[in-house]
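Enquirer: Each chain, written out:
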Amino acid sequence: MGVASLPRLLGGDEMYWVKQMKRIWNEPMLLAMIVLIWVLLAVFVLYPIIMVGLKSFEPKSGVYGFGVYRTLFSKRYFVTPIINTLKLGVTVASVGVLVGYLFAYAITKVNIPMKGLFRTIATFPIISPPFVIALAAILLFGRNGVITRKFFAGIPPFEIYGFWGLVIVETLAYFPTAFMTLEAILMSISSDLEEASLSLGSSKWRTFWRVTFPLSMPGILSAWLLVFSQSMADFGNPLILGGRYHVLSVSAYLEITGSYRISYGSGLAILLLIPTLIAFFVQRYWLSRKSYVTVTGKPSIVRALEPKFYVKVIFTAICLILVSTIFLFYGTVLFGSFTKLWGVNHTLTLENYKFAFTYNWEFIKDTLVLASIATPLCGILGIMIAYLVARKQFPGRRAMEAVSLLTFAVPGTVVGIGYLLAFNQKPLLLTGTALIIILVFVFRELPVGVQNGVAALYQIDRSIEEASLDLGSSSNQTFWRITLPLLMPAFFNALFTAFVRSMTAISAVIFVVSGKWNLITVRILGAVGNSDLAQAAALSYVLIGIVLIAMFVLRFLTMNFSYQTKIRRAIS
Amino acid sequence: MKRLFVLALVVLIAMVSFAKEQVLHIYTALDENEWPIYVKAFEQATGIKVQVVRMSSGELLARVEAEAKNPQASVWFGGPAIDQIAAKKKGLLAPYKSEAVEKVPAAFKDPDGYWIGIYFGAIAFGSNTQQLKQLGVDAPTSWYDLLKPQFKGRISLAYPYTSGTAYTVLAALVAIMGEDKAFDYWKQLHKQIHHYNTSGSACVTQAGLGEITVGIAFAHDIITKGIDKGYPIVLTFPKEPTGYEIGAMSMIKGAPEPDLAAKFIDWMLSAEAQSLMVKWNRIPINPEATVAPGAVKMQDVNIVPMDFEYFGAQKDRLIERWKEEIEYGM
Chain E
1 MGVASLPRLL GGDEMYWVKQ MKRIWNEPML LAMIVLIWVL LAVFVLYPII
51 MVGLKSFEPK SGVYGFGVYR TLFSKRYFVT PIINTLKLGV TVASVGVLVG
101 YLFAYAITKV NIPMKGLFRT IATFPIISPP FVIALAAILL FGRNGVITRK
151 FFAGIPPFEI YGFWGLVIVE TLAYFPTAFM TLEAILMSIS SDLEEASLSL
201 GSSKWRTFWR VTFPLSMPGI LSAWLLVFSQ SMADFGNPLI LGGRYHVLSV
251 SAYLEITGSY RISYGSGLAI LLLIPTLIAF FVQRYWLSRK SYVTVTGKPS
301 IVRALEPKFY VKVIFTAICL ILVSTIFLFY GTVLFGSFTK LWGVNHTLTL
351 ENYKFAFTYN WEFIKDTLVL ASIATPLCGI LGIMIAYLVA RKQFPGRRAM
401 EAVSLLTFAV PGTVVGIGYL LAFNQKPLLL TGTALIIILV FVFRELPVGV
451 QNGVAALYQI DRSIEEASLD LGSSSNQTFW RITLPLLMPA FFNALFTAFV
501 RSMTAISAVI FVVSGKWNLI TVRILGAVGN SDLAQAAALS YVLIGIVLIA
551 MFVLRFLTMN FSYQTKIRRA IS
Chain S
1 MKRLFVLALV VLIAMVSFAK EQVLHIYTAL DENEWPIYVK AFEQATGIKV
51 QVVRMSSGEL LARVEAEAKN PQASVWFGGP AIDQIAAKKK GLLAPYKSEA
101 VEKVPAAFKD PDGYWIGIYF GAIAFGSNTQ QLKQLGVDAP TSWYDLLKPQ
151 FKGRISLAYP YTSGTAYTVL AALVAIMGED KAFDYWKQLH KQIHHYNTSG
201 SACVTQAGLG EITVGIAFAH DIITKGIDKG YPIVLTFPKE PTGYEIGAMS
251 MIKGAPEPDL AAKFIDWMLS AEAQSLMVKW NRIPINPEAT VAPGAVKMQD
301 VNIVPMDFEY FGAQKDRLIE RWKEEIEYGM
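So the protein sequences, as listed, match chains E and S.
Per our numbering: the first sequence = residues 1 to 572.
Per our numbering: the second sequence = residues 1 to 330.
One chain only, chain E, in its complex shape (with noise of 0.2 Å):
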């Protein structure tokens, strides 16, 4: 997209744009970054979306139409996934939301014991690799795992592999969304709303439907739709748990691995991208500007309101379920990856883990290389678009936002099918190349990059950076002196993200790995696939140990090179 052919895309007054121009024709540097970043994201996040579309309209190799669409809605074996994936996306987006709402509002509005350790176990599911939960759901619920055993004499209470396995392993796995979302709105209703609703004669239980519920409806409405998009993209649950339930996520893999029908896949995958897309601009361009945050000009005070204790006690069991359920989900894998053959043999062995280092040792080896070469190009570029986004002026500034924010809503099936389309021919052949991994994990955490630096940007005041040039140093000078120490946590909290949701990602990479680079996600999806369950575990805490080791480089970080820390240390 030409910088200069802008200005009448967007409409908007012709004077101020050439003006607009003109500014920036006069910063040479500015421009160069403008169109180096449009050229990066056109490439790389706009191309191979476009590709899979262009794609999914040309049935049989050079032949173009509407053919692909007619066989998909006509024929059953593709309809029935497109009902399974919107019915389970729907159900896991509504539990999903009641236990996230529950879970916040026992640890934001009930004054429940213990909240701190509730909150750190909610999110772990966040930073595992996704599978995990379905992992241990087989080992737990199979038909031979324990609890099936132990309770149920071998017989199965319900089946796992289906679509109930999929919503209790899909809740796990992404009500942690839901809570974040919601407890920060939960956190944004001052009590004195609450405190006046009560004192003027309702009950509790009225100002809970009448004061706080109605409040917390834009962020009850972002939990479900985030959730939803959440569970749509979702593929490693599905293809483990799925059994005969297809959804379309592992539709759209099989069609193109199993087969090789790149158009049907690329058919299914659009599906897929609709709902999803749809979700994520009503969630951020509408919801967002719904929001009935209470402005008072007085800071919020959140004050847990000293329930009655039958409710205390309640919302206490609540949260000790569901943080039992997780404790017990990731201990099972736990010991899974320390017995010999599990269900048979329950001995206990560090031979899951010798095998792990000794024959997987590529696949952990490459993973992190390639997740670390890939994590601080990615912050790096999520910088400089935050702070073009944020502190400059130029046209298209908008929607440089907006599609530097697409691979967030896009699920990883299109884009890995996407990558699969538009980097397998000349001029850009990058297929089988560690360099097409890596661009898949920076532009698909990009998002993280631009989303924490734009937050941080915003709250890191323009009188100081103004400060530093009345002084008289450059816009450079100020730039590496000034605001880019500022945005130091920001920056490092981006890169632990991106290095996380890298290491654990599996639905787009899955489409572009190669003998030559391999991935442990790729690897444990394998085992699992093949019934090699106490080696897919004892691979899972591979990774969840080099996760857990980030974390606290991360801390060493954030904490000795942030400037905060260091000034709030001078000052103390």
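Because the hints were derived from the structure by calculation, they are not lab data.
Note that CB positions come from ideal geometry on N, CA and C, so glycine has one too.
Treat the hints with caution; some may be incorrect.
Claimed, not checked - Which residues of chain S face chain E? A partial, calculated answer using Cβ under 10 Å:
1. Gly58
2. Glu99
3. Asp112
4. Gly153
5. Tyr196
6. Lys323
Said to hold, decoys possible - In silico DMTMM-like links for lysine to aspartate or glutamate, alpha-carbon gap of 20 Å or less:
7. S/Lys229 to E/Glu351
8. S/Lys69 to E/Glu58
9. E/Lys516 to S/Glu32
10. S/Lys181 to S/Glu324
11. E/Lys312 to E/Glu195
12. S/Lys152 to E/Glu159
13. E/Lys516 to S/Glu65
14. E/Lys60 to S/Glu32
15. E/Lys75 to S/Glu32
16. S/Lys297 to S/Glu240
17. E/Lys516 to S/Glu43
18. S/Lys253 to S/Glu67
With the hints as your guide, set chain S onto chain E.
Expert: Below, chain S alone, put in the same frame as chain E:
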């Protein structure tokens, strides 16, 4: 800002300069725990470095097809010959002939050298003995035994489109019963299936674990991944004839490392390499190789003659029919 660019550039260059060493790239359909047996021995014997990606046969075919313009691997190692015949018909393989290949009996290779047999394997049933006892049934000894009500929701195998094992099952049923009857039979069988896997041998472990009762797979996988591992598994064959595979390898067209690939193929046919199959209870093609005592030989089972050329050519059509009529047909 400049520093950022320099940094990015340095990282980029460092990345590109990785991966330069001459290595042989292999795609294999053998089990993740099996291929290292041969590959590590080959690396030790020749000093050539090998990198391997494991996929199920159907996935491997799709991958080679996807990469036709830009092949990433040189050798297709293992899995039923049918899939490699399908690949040959699509023009994805290169013919290879050598002294070692000459020695392979004609029945076990392509006349033009597009694929070369490595081992023989027969389709069998692996059943969990504990569950059989619980259900009060005998291990199945006929395809029709699988339709017994006790086995409802307790059988598993793989998708015929991702797995060479499962496509061999489909082809065998067509060879035994005729196409329409075979599909009618599978419609009955489908009601008994708990779930389908992507990998052909996964059902053996699942039967071992008791997730299912009967797995349909190759006999060598049932012995190695089931019985030898200590799972309560019993191996049986259908008394109507059963199907079989010639496990094969081939050179991929446009192979990036044709010389190394040739060395690997020749080495894999040697008695030394073929004897390693003892560890997986396979029946090697090379008559000089050692055979595992428990392995199931060709003369031990009643097998149906299978026209691999036909089933290789018909794969796309049969799979389409299977998806439409069986997987989502009911």
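Enquirer: Hint by hint, say whether it matches the structure.
Expert: Tested hints:
| no. | hint | in the structure |
| --- | --- | --- |
| 1 | Gly58 | 5 Å, holds |
| 2 | Glu99 | 28 Å, violated |
| 3 | Asp112 | 24 Å, violated |
| 4 | Gly153 | 9 Å, holds |
| 5 | Tyr196 | 7 Å, holds |
| 6 | Lys323 | 5 Å, holds |
| 7 | S/Lys229 to E/Glu351 | 14 Å, holds |
| 8 | S/Lys69 to E/Glu58 | 19 Å, holds |
| 9 | E/Lys516 to S/Glu32 | 16 Å, holds |
| 10 | S/Lys181 to S/Glu324 | 16 Å, holds |
| 11 | E/Lys312 to E/Glu195 | 18 Å, holds |
| 12 | S/Lys152 to E/Glu159 | 14 Å, holds |
| 13 | E/Lys516 to S/Glu65 | 18 Å, holds |
| 14 | E/Lys60 to S/Glu32 | 35 Å, violated |
| 15 | E/Lys75 to S/Glu32 | 35 Å, violated |
| 16 | S/Lys297 to S/Glu240 | 17 Å, holds |
| 17 | E/Lys516 to S/Glu43 | 16 Å, holds |
| 18 | S/Lys253 to S/Glu67 | 10 Å, holds |
Hints 2, 3, 14, 15 from the earlier list are contradicted by this structure; the remaining hints agree with it.
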